[in-house]
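Taken in order, these protein sequences are the chains called A and B.
Under the working numbering, read the first sequence as residues 1 to 272, first letter to last.
Under the working numbering, read the second sequence as residues 1 to 262, first letter to last.
No wet-lab data here; the hints were simulated from the structure.
Hints may be right or wrong, so weigh each one.
[Stated by the list, open to error] Simulated pairs of lysine-lysine, DSS-like, Cα-Cα distance not exceeding 25 Å:
(1) Lys107(B) - Lys166(B)
(2) Lys109(A) - Lys137(B)
(3) Lys188(A) - Lys197(B)
(4) Lys107(B) - Lys182(A)
(5) Lys188(A) - Lys137(B)
(6) Lys188(A) - Lys109(A)
(7) Lys197(B) - Lys137(B)
(8) Lys120(B) - Lys182(A)
[Stated by the list, open to error] Far from chain B by the CB rule (all over 12 Å, computed), these chain A residues:
(9) Leu28
(10) Arg57
(11) Pro59
(12) Leu75
(13) Glu84
(14) Val88
(15) Leu113
(16) Ser119
(17) Val139
(18) Lys188
(19) Pro192
Since this is a predicted model, take the numbers as computed values, not measurements.
Each residue gets a CB set at the ideal place from its N, CA and C atoms; glycine is no exception.
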Amino acid sequence: MVAAAGSSGLKGKAGRPSHRNGARLKRLAGQIGVGIAFLALWQLVYMSGVVKPLISRSPGQVFWFFVQIATDGTLLPALYSTVEATVVAFVLASFVGVVIGIGLGLFPKVEELLDPYISAFNAMPRIAFAPVFILLFGVSQAAKIALAFSVVVFILMVNARAGIRTVDRDIRLMVTVMNISKRDMFMKILLPSAVPSIFAGLRLGIIYSLLGVVTSEILASRVGLGQLIAGYAGTFQLEGVYAVCIVLAVIASLLNAGMALLERYLLGARAL
Amino acid sequence: MAPSISPAAGTDGVAARISDVVMEFQTTSGPVRGLDDVSLELREGEFLVLVGRSGSGKTTALNVLAGLHTATMGEVSVLAQPPVAARPQLGYMFARDALLPWRTALKNVEFGLEVRGFAKSERRALARDYLDLVGLKRFADNYPSQLSQGQRQRVALARTWAPSPKILLMDEPFSALDAQTRESLHEELVRMWAADKKSVVFVTHDLNEAITLSDRILVFKDGKIAKEFSIPFARPRDLVDITADRTARDIYHEIRQLLYQH
Chain A
1 MVAAAGSSGL
11 KGKAGRPSHR
21 NGARLKRLAG
31 QIGVGIAFLA
41 LWQLVYMSGV
51 VKPLISRSPG
61 QVFWFFVQIA
71 TDGTLLPALY
81 STVEATVVAF
91 VLASFVGVVI
101 GIGLGLFPKV
111 EELLDPYISA
121 FNAMPRIAFA
131 PVFILLFGVS
141 QAAKIALAFS
151 VVVFILMVNA
161 RAGIRTVDRD
171 IRLMVTVMNI
181 SKRDMFMKIL
191 LPSAVPSIFA
201 GLRLGIIYSL
211 LGVVTSEILA
221 SRVGLGQLIA
231 GYAGTFQLEG
241 VYAVCIVLAV
251 IASLLNAGMA
261 LLERYLLGAR
271 AL
Chain B
1 MAPSISPAAG
11 TDGVAARISD
21 VVMEFQTTSG
31 PVRGLDDVSL
41 ELREGEFLVL
51 VGRSGSGKTT
61 ALNVLAGLHT
71 ATMGEVSVLA
81 QPPVAARPQL
91 GYMFARDALL
101 PWRTALKNVE
111 FGLEVRGFAK
121 SERRALARDY
131 LDLVGLKRFA
141 DNYPSQLSQG
151 QRQRVALART
161 WAPSPKILLM
171 DEPFSALDAQ
181 TRESLHEELV
191 RMWAADKKSV
201 VFVTHDLNEA
211 ITLSDRILVF
221 KDGKIAKEFS
231 IPFARPRDLV
241 DITADRTARD
251 IYHEIRQLLY
261 QH
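Please model the entire structure based on the sequences and the hints provided.
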């Protein structure tokens, strides 16, 4: 009986990839279809004139504006600056957040003391700190990184802490009876248990890092996508605002997909 | 019925002993006695089954032996030591498999060996042997999420068994399985037990399971041991033969009556 169940399982697995590829193609086609439908709707709304001419632009206008800034050397330096700040802030905040989060998860007594302050700090609107960071670091990459860091570090802290805490009750009992050492408990049980939750935090964190950087750039910066948005908005070039926003959306999707790939590569078939 | 207790008896044929143990739990409606003056002995190489309705104290007795609960009163010794000190010699298997989802079947079996300090090559080989023993050789590299419930429980059995503990504590390990899978796991368990002659304490509420597996059955009721039964049948036993046997049926009905009367 077991053998039968096993062989059918294996067959299922062997048969799956091609089937899965077919399903993936279908899904991709569907997703592209939705995108085209959205563009068509956008065009219709633009032509109908229900939206104020001040802010309404056609997909074509936005596209040509994009082509212009992509070719005249405006877009790339800004893109590079924004992505660089995003990645630096994300890596720093993830490292610090995960370390602190694990520490809080391991030492509930310390967490008890700090928790009200962490929650309170996390509830503060970080955008209010942007001017402070700009005064502190000048109009620089560091100011953007600081703002993004202040947002992302909490996400990772909360997720790492939750991951450490949510070890399955049965697994806890099992390792208790095994007289597991503290070191093994941490390395072989707590840390691997926390990995899915930490990854959920990383996927959120990379997006919030981008948002933090762009926010800082909109407030004050020399170069960056946020700075472009602020500039175009100030001169009523709404096609520029929209073009940069779409660029940002694409970057966010790519970063998200990259994190998903990394997660799949690191977690493999663990399939939680 | 109460076994004679010779204090400081070493391990003269006794693997574990609970003497006059009272186990009280604090609940919102006041203290509850999980175990109410219970004494029992697990003999070396014995297959002891504890039956009873839920809340009767059978799992509590198991947890006292594993050192997960500290007895409010009375004495507990496992291999002539306090339970916690005896843990390296204990294996505990639960109703839920408690497999580590981030490890393959093979690495799950290795886990018990790993934390006990077996060398890598030795534990790999041992884990393969035990996985083979429970019929899962081909599934060594599968993750728990890729295994059926019965296969997962087999991995848990191999993991519990691989470090070769002297005493096995099993808390309804097969209760979540279908009848056919349970029967085939019974066979494997008894085969492994007969080969290694370990001492087993097996908790269940399934009377057929109790009679098929055990040398001796202790019936728990309201935190006390209500009655002890010796199960005389030769091994290997067949569930069909056992359920048709007159003596077995009498034992079955007597236990059933004990459990249902108030």
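We went through each hint and held it up to the structure:
1. Using a Cα cut-off of 25 Å, the hinted pair Lys107(B) and Lys166(B) holds, with the two alpha carbons roughly 22 Å apart.
2. For the hint linking Lys109(A) to Lys137(B), the alpha-carbon distance of about 45 Å lies beyond 25 Å, and the restraint is violated.
3. Between the alpha carbons of Lys188(A) and Lys197(B) the distance comes to roughly 31 Å, so the proposed pair goes past 25 Å and is violated.
4. Of the pairs offered as hints, the one joining Lys107(B) and Lys182(A) holds, with about 20 Å between alpha carbons and a cut-off of 25 Å not exceeded.
5. At most 25 Å may separate the alpha-carbon atoms for a hinted pair to count; Lys188(A) and Lys137(B) meet this at roughly 24 Å.
6. For the hint pairing Lys188(A) with Lys109(A), the CA-to-CA distance comes to about 23 Å; that is within 25 Å, so the pair holds.
7. Restraint check for Lys197(B) and Lys137(B): the C-alpha separation of about 24 Å stays at or below 25 Å, so the hint holds.
8. At most 25 Å may separate the alpha-carbon atoms for a hinted pair to count; Lys120(B) and Lys182(A) meet this at roughly 20 Å.
9. Every CB of chain B is more than 12 Å from the CB of Leu28(A) (nearest about 26 Å), matching its label as outside the interface.
10. Separation of Arg57(A) from chain B is adequate, the least Cβ-Cβ distance of about 49 Å exceeding the 12 Å criterion.
11. With a closest Cβ-Cβ approach of about 44 Å to chain B, Pro59(A) is found to remain outside the 12 Å limit, as its non-interface label requires.
12. At the 12 Å boundary, the C-beta of Leu75(A) stays outside the reach of chain B, the nearest C-beta of that chain being 42 Å off.
13. At roughly 33 Å, the least C-beta separation between Glu84(A) and chain B is larger than 12 Å, which holds for a residue marked as non-interface.
14. The non-interface label for Val88(A) is consistent with chain B: the shortest C-beta to C-beta separation is roughly 30 Å, beyond 12 Å.
15. Look at Leu113(A): its CB is around 28 Å from the nearest CB on chain B, clear of 12 Å, so calling it non-interface holds up.
16. Separation of Ser119(A) from chain B is adequate, the least Cβ-Cβ distance of about 29 Å exceeding the 12 Å criterion.
17. With a minimum CB-CB distance of about 45 Å to chain B, Val139(A) clears the 12 Å threshold, and the non-interface call stands.
18. The Cβ of Lys188(A) sits about 7 Å from the closest Cβ of chain B, inside the 12 Å cut-off, so the non-interface label is violated.
19. A beta-carbon of chain B comes within 12 Å of the beta-carbon of Pro192(A); the shortest separation is about 5 Å.
Of the numbered hints listed earlier, those contradicted by the structure are 2, 3, 18, 19.
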